[in-house]
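Asker: Read top to bottom, the protein sequences are chains R and C. The opening residue of the first sequence carries number 1 in our numbering; numbering runs sequentially from there. The opening residue of the second sequence carries number 1 in our numbering; numbering runs sequentially from there.
Everything hinted at is true.
Just the calculated beta-carbon pair ranges, DEER-fashion: (1) C:13 with R:62: 32 to 42 Å; (2) R:114 with C:50: 29 to 39 Å; (3) C:17 with R:56: 33 to 43 Å; (4) C:34 with R:55: 32 to 42 Å; (5) R:118 with C:53: 30 to 40 Å.
Partial list, computed: chain C residues near chain R (C-beta under 10 Å): (6) 32; (7) 50; (8) 51; (9) 54; (10) 74; (11) 75; (12) 86; (13) 89; (14) 91.
What the hints contain is simulated information worked out from the structure, not anything from laboratory work. Glycine included, C-beta positions come from ideal geometry on N, C-alpha and C.
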Amino acid sequence: MRSESSFEIDGDLILVDVDLVGPGGRDRARLVLDTGSALTTLIPELAEAIGYSSADRVARSVVRSAVAEERGYIVRLSRLAAFGFTVPGVRVNVVELGHGIDGLLGMDVLSGFNFEIRPAERRIFVERLVL
Amino acid sequence: MVAPSISEPMTWGEICVRYPDQRVCLVEVDRIHSHGFAFRTARVIGHGKTWREAFDQARPWRDRYMEIGHYFTGTIAPPFPCFPRIVLTDEIRELLRDRR
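Using the sequences and the accompanying hints, generate a full structural model.
Answerer: As structure tokens, then:
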């Protein structure tokens, strides 16, 4: 199955709309599509908005930036939906990102798809892999 | 505590003008495509310079609206020269291995 979605560009960043489902609700946020990120990441405020806190963690995490190390935690999200596809049980890293970024859509989710990004058209074609 | 309030239906352009460089919580989003960002109008139920401020205003509406959209009306300042990177511990590698 193949889908076509639009995306926004902010500076050099590709922003995609992602539905996040947790015990506290279903929300939609704009995440940076980041092929350099191993794990999908959310800022704590967004995780808390859909009902997750550090008490729900399945692991602790450390995020290293150019200037500091930030400690966070990993939770198992009920559901995440992007590009019209739903992915259940995604492990999401929860950590403060700063810079106005609300989260990263990382390779743990993206590797389940073939995708073709067309920046000039602001369109992305996504095909779910059937293994 | 601020009494819950909800705006009239507004376009994204109008929202950006009224709430510049702010976090906004949107409901009744009349989307053009179901999984894209573009929408005709939406109502604002929370806004502020921080997510906490915006969420505190939006929280009383949670029972009424199943889905809330979270957006930033400003421009992201990318953390150049590089994004923060997660440190891949053995524990995290194990979690990732389960998905493959």
